[in-house]
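Undergrad: Chain by chain, the residues:
Number of protein chains: 2
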Amino acid sequence: MLNQFGALLKKRALTPLLFSGQYGIEREGQRIDHQGQLQQTVLPFKAGHPYLRNDFARSQAEMVTDYFSSRQQTLNQLAALNAVLLRQLKAGEMLWPLSMPPKLGDLKAIKVAAPTKSAQRYRENIGKKYGYRMQMMSAVHFNFSLPEKLLRTLFETDYHDQFADHYIAFHNAVYLKLAQNYLRYRYVLTYLLGASPLAESDFFQQQPGPSEMVRSLHMSQKYGYDNVAAQQVSLSSLTDYVTDLQRLLKTHELQGPRELYAAVRFHGQSLAQLPQTGVHYLELRTFDLNPFAPAGLTATDFSFLQLFLAYLLVLPSTPQTDLNAQLKHGAALNEAIALESPLNVSQAQTQLAQFMAGLKQFMLDYQAPQALQNAWQLMQKRVEDYRQTPSYQLCQMSQNQSLQSWGIKQARTFKKQVTTACYQLPGYLSFPLTSQLILAAAFRRGINVQVLDSQSAILRLNQQVVLGNGQSSLNTQSATLLVQNRFATKTVLGQAGLPVPPGATYQEMTSAIQAFATLPQQPLVVKPKISAHGAGVTVLLSPNKTDFKMAAKSAFAYDSTIMVEPYLNGTIYRFLVIDEQVAAIAECTPANVVGDGRHTLATLVQLKNQKRGKQTPFSPLPLDQLTKFDLQQQGYNLQQVLPRGQQVYLRLAADFATGSDAIDVTKEMDTSYQKLALTAAKALKLKVAGINMVIANLYQPLVPEQSNMANILSVTAQPELAVHEVPFFGQGQPVTQQLLKVLFAATK
Amino acid sequence: MLNQFGALLKKRALTPLLFSGQYGIEREGQRIDHQGQLQQTVLPFKAGHPYLRNDFARSQAEMVTDYFSSRQQTLNQLAALNAVLLRQLKAGEMLWPLSMPPKLGDLKAIKVAAPTKSAQRYRENIGKKYGYRMQMMSAVHFNFSLPEKLLRTLFETDYHDQFADHYIAFHNAVYLKLAQNYLRYRYVLTYLLGASPLAESDFFQQQPGPSEMVRSLHMSQKYGYDNVAAQQVSLSSLTDYVTDLQRLLKTHELQGPRELYAAVRFHGQSLAQLPQTGVHYLELRTFDLNPFAPAGLTATDFSFLQLFLAYLLVLPSTPQTDLNAQLKHGAALNEAIALESPLNVSQAQTQLAQFMAGLKQFMLDYQAPQALQNAWQLMQKRVEDYRQTPSYQLCQMSQNQSLQSWGIKQARTFKKQVTTACYQLPGYLSFPLTSQLILAAAFRRGINVQVLDSQSAILRLNQQVVLGNGQSSLNTQSATLLVQNRFATKTVLGQAGLPVPPGATYQEMTSAIQAFATLPQQPLVVKPKISAHGAGVTVLLSPNKTDFKMAAKSAFAYDSTIMVEPYLNGTIYRFLVIDEQVAAIAECTPANVVGDGRHTLATLVQLKNQKRGKQTPFSPLPLDQLTKFDLQQQGYNLQQVLPRGQQVYLRLAADFATGSDAIDVTKEMDTSYQKLALTAAKALKLKVAGINMVIANLYQPLVPEQSNMANILSVTAQPELAVHEVPFFGQGQPVTQQLLKVLFAATK
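First to last, the protein sequences are chains A and B.
The numbering of the first sequence is this note's numbering, which starts it at 1 and goes up by one.
The numbering of the second sequence is this note's numbering, which starts it at 1001 and goes up by one.
What the hints contain is simulated information worked out from the structure, not anything from laboratory work.
It is possible that part of the hints are untrue.
[Said to hold, decoys possible] In the DMTMM-like style, the derived pairs of lysine to aspartate or glutamate whose C-alpha atoms are separated by at most 20 Å in a straight line are:
| id | chain 1 | residue 1 | chain 2 | residue 2 |
| --- | --- | --- | --- | --- |
| 1 | B | Lys1748 | A | Asp579 |
| 2 | A | Lys128 | A | Asp322 |
| 3 | A | Lys685 | A | Glu705 |
| 4 | B | Lys1748 | A | Glu580 |
| 5 | A | Lys46 | A | Glu26 |
| 6 | A | Lys748 | B | Glu1580 |
| 7 | B | Lys1149 | A | Glu565 |
[To be verified] To give an idea of the interface, some chain B residues facing chain A are shown, with a C-beta separation under 7 Å as derived from the structure:
| id | residue |
| --- | --- |
| 8 | Pro1016 |
| 9 | Gln1162 |
| 10 | His1166 |
| 11 | Ile1168 |
| 12 | Ala1169 |
| 13 | Asp1453 |
| 14 | Asn1462 |
| 15 | Val1466 |
| 16 | Gln1471 |
| 17 | Ser1478 |
| 18 | Thr1480 |
| 19 | Leu1482 |
| 20 | Ala1488 |
| 21 | Thr1491 |
| 22 | Ala1515 |
Heads up, the beta-carbon is just placed ideally off N, CA and C, and yes, glycines get one too.
Please model the entire structure based on the sequences and the hints provided.
TA: This is how it looks when you write it as structure tokens:
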């Protein structure tokens, strides 16, 4: 019935949809220490955590992604979950990278995970029934649903007659075809992705293992994660599937549908109603973990699965009369490949090569996306040369029939990868650091995360709380607008009796220059009324008319009004206010290098930049015209070599976005200045505010009459969190956690 | 002591400050009808209104501006107050433009304004004491304070020794000098600005008036707004001033300091403490209304006062020994000029010319701003030719010794000027219309208005409520961010079960074009993920690849992601939601012209644009490449002449910012769609929202299953108010009032 599927897709120009769908990944893994010992402590995540939880054993962690309509989004979240999980494990605790468990030791010591009583009972039962060893294997599950638009369109244009106007019948038929073909051809995946050639020595104690290394113990029926029930559930029709499964449940051969350890499972609203309400997605189970990939599978693995599934849809359907034979044949072929030696050419080499050739023809014919074609290329090499398969390569890594030491090493590498720059979140590296910190905190705390737009970094947490790059529902629209405007901000602060620098505004160059003549000889700051991150701001240490004109021009480039203020002595501090509390305070040291008696300033800048990133608070040190000018004002140039220990500023105006260093001083700042920051936030009606203040001496209590002790320079309504979480020097402050706490409290 | 003032200002390069200061204007005026009858109804403004209130009589309105540091700001607010007052008067009610009242009729019919018991008593008393006639004159008062920076700097650099380190003494001395010189030279202003040559016939009944026309009855001592007390208060020192005034109060010769009808008055914290706490500002009183200026004085009048006051500061101080003689001389000269005939050269022509020559020298010497120099030029002409004076010109306007009919005509002109485009607010025409409506409503309701930044139109009302161009504290920062993003908005609405168009997003041209091939042949909309006011949005009625590419390119110019959706049939409506209520609904008809059988489309666009403004909802009709393309899609071109009555769209995409017409349908829309709008606002967490919906038939109740009945196209968190207040067709809706009400309720 569905043999014309591919031709019709082409006819209806729907082929691009063939390579899309909804995807979700589940990935399990054993927690070990550096000796490879299983870690039996309770996982540090709350019960009911949507992303991070236990599988069978306490030692066995599981990451579960949301459903996404793109490969990249799915993998991004998986990478993030992996990082969050690994970071949350205690020091020295890591994730075993292989599907077959590490040395298990005393089986009695293995603690079943027991988030609830019934979960405990279920696990104890399956532990008894299948043995703890089998339950300790770890897998990747790949959940997939077809694009609704593809099915709906084809149904309406071509299939409504054949299915008697019954859409769900057509929908289910497509899923059934997919599942059947999957079982016929999954041997290809077992060859390509199989990565469990051996088990550690204490695994095969009750049952003897294979005599030599294989492609995949875990994906084999004999030794793998499989059960008798899986063969008792027919895939000849969806009704049969449901009937068979229901019978097994009724006779208590299975405790629940999830005990069906089949290679493919149907998911829908309810088992009984599956034929009526339709399959929601297929669960492709028990893939071997890819031990070379930090998250258990690579983008190439994923792309190949997309291509493979698309191909299965256009391959001919299996005639009902031939079905059982074909499925049996597929299972036998899979078992043979799983249990053959990875150190030789496969016995199914011809079938594999033929399948891959057909797949190539298909991908060219249907214009598969480039990433999928690239994946084919890579997998084709594995077919052409068995030494390219992961199972072969793992054999090379083994020592004395063991992967224990290789696995520990690999685990250590993966853990180190995600714990060196904890302010970043793998999968979301292009997001602003503040957003990365929020995402990480949300994943950690089990808050549902939805990226509404990745380019603008708009997040929604628990379907309720919308957050941008520091923007939240805690601040209002008008307060945000107000503080974007330096002049309006200063006016409001001044009127509230708060200390702000004196100064004047100008709308034209001529009046600014005229006024300049009247100013006393003192250092000045020239800035635009509105600009982001201190753009167009120039400090003039000994202002002359030429420099002033240059500074004014640079400010006028951003706004039609410029502000001229005295440059105040003191250090600039960023106060982070969250809900009437000072959450953290960071000194903002202007972009600088420290002389070493050897390198020129230009080289020192390069050297320091190598250690910095691209995002605040690790933005690169500036090296532009203004740097040269600012250095010149201080009497330096870039070619100069400074004595060891001498610090020099590359920007006189301090801003975290232009290379300033953040130094935590939360515990040191006198409370009088903290009160000032709180009053300022209140005057501006900001619940969340970043307040920049110049303070002469942070230890000396403020005397309000002394105008030079503290002045508020600028305010932001969407403050950076990273400058406080990961300061350049000093103690990080848990401000992200605090923001989320307040945010969720306010939402209730 | 202060004779070196000017030289020191120059030395300290402070001369630009000489022409600045703080200004406030009070302006009175009689309410009349078209017959010139005084209007005795209660003024439609609340008691304690800060801007609009009564003077002596109910018929006498007074506008009081805030204090501003610029002429333009002061005049802007005055113009706005004038417009708001005139618009609030009932039809046929106007403002008499002259200082001398219109025909008073039966004095007993004049009702004293009585906002409070004590105000009533005070006014009844002065009415008895000075006669109702005198109290019925109207004036402009000019309040002025010197720039603090000028005084402080000069004090610190040059005067601290002379004033024994006592700043307030110096400060007061400067004000005293200014006041003394003002009294000596104010005759110049009386000549230049005098504009009350005659009184109506029933004015001089108790006291005989002058036998012929004069320059200024109102500014004369004999007939004007003056009292004996004014001569009993010495200006020889501030202490004398206070002592004299206190004595008059003690003996009940005056009811309060405000009964001192002097030409200049000192204001400070309290009368008794004036010498200690300092003069805050000078009140220059009883200027004649300029009857040729809608607001009672022109920018030139104002500029000349600035120049005049600056000159008085640098003119020599009057020696204490000579002071009384000089003040007496000044008063006599003023009286002579006030009461001489405006139809001849002044008897003080030599003094006037000398003064103006000195003033010119000063303004060149001190580089007075151009506007002030221009004012001098204009006033100089009045000195050179008495026929240029307002008093002379008014004489020409009089008929039978009466200005009654001229005054009525002038009043009518001024009223008409401000009541033809009531959605605009004079003084703030450069602001977005939404802001103009908010400003007008605030001035009307007596809400204190502060323009925090005029370029960004940031307002603060009652020192509490910050408003932008539709932005307020009712919406949050994150909800604002969310709805700026079309894709994120659509996602959230869709997930909330609300109807949104289907469609797809693309990050690259190639994938967009590839996907285009798969789309069914139907009209499309291509738009950027983020852009303001529908920029980069293209409708394709019969899409082909070339046009699609052009549309995609135009969208990619605004954002790196574009959205492609079917172009839905129906009409677009804007729902304005305020605080869980649909405040108004406007149909958004795409920019269009209607054929007349004569003109080409290009000409029709020009003709329609002549009637439109520059701001939403009267934005000009577009006449660009996209117009040509959209016309072409409909089978038209700009050179075509259409039959009478045939409407054609100049933009297929409707947007109020690109020439769409707003048609009010608030009362017509079926409630089911209103509920949809409210649910959408709720899902997006917006208290204030503009929701654009395409609806097939506004009268037909929504059937949720029918996806083509209504779809939400876009949402804004800072909706235009003007499209509802002043629709192109239909009833205006009082949405500004409603927004302010909710806003102030939320602030409490």
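Undergrad: Decide, hint by hint, whether the structure agrees.
TA: Consistency of the hints with the structure:
1. B:Lys1748 / A:Asp579: holds (19 Å)
2. A:Lys128 / A:Asp322: It is violated: about 38 Å lies between the C-alpha atoms, which goes past 20 Å.
3. A:Lys685 / A:Glu705: violated (25 Å)
4. B:Lys1748 / A:Glu580: Given pair lysine 1748 of chain B, glutamate 580 of chain A holds - Cα atoms ~19 Å apart, limit 20 Å.
5. A:Lys46 / A:Glu26: holds (18 Å)
6. A:Lys748 / B:Glu1580: holds (19 Å)
7. B:Lys1149 / A:Glu565: holds (14 Å)
8. Pro1016: holds (6 Å)
9. Gln1162: Constraint on glutamine 1162 of chain B not satisfied, violated at 21 Å.
10. His1166: violated (19 Å)
11. Ile1168: At about 18 Å, which exceeds the 7 Å cut-off, the nearest Cβ of chain A leaves the hint on isoleucine 1168 of chain B violated.
12. Ala1169: violated (22 Å)
13. Asp1453: holds (5 Å)
14. Asn1462: This hint is violated: asparagine 1462 of chain B lies away from chain A, its Cβ roughly 13 Å from the closest one there, beyond 7 Å.
15. Val1466: holds (4 Å)
16. Gln1471: Holds, about 5 Å.
17. Ser1478: Status holds, d = 4 Å.
18. Thr1480: holds (5 Å)
19. Leu1482: Since chain A brings a Cβ to about 5 Å from leucine 1482 of chain B, closer than 7 Å, the hint holds.
20. Ala1488: holds (4 Å)
21. Thr1491: At 6 Å from the nearest chain A Cβ, threonine 1491 of chain B passes the 7 Å test, so the hint holds.
22. Ala1515: Given a least distance of 6 Å, the restraint on alanine 1515 of chain B holds.
Hints 2, 3, 9, 10, 11, 12 and 14 from the earlier list are contradicted by this structure; the remaining hints agree with it.
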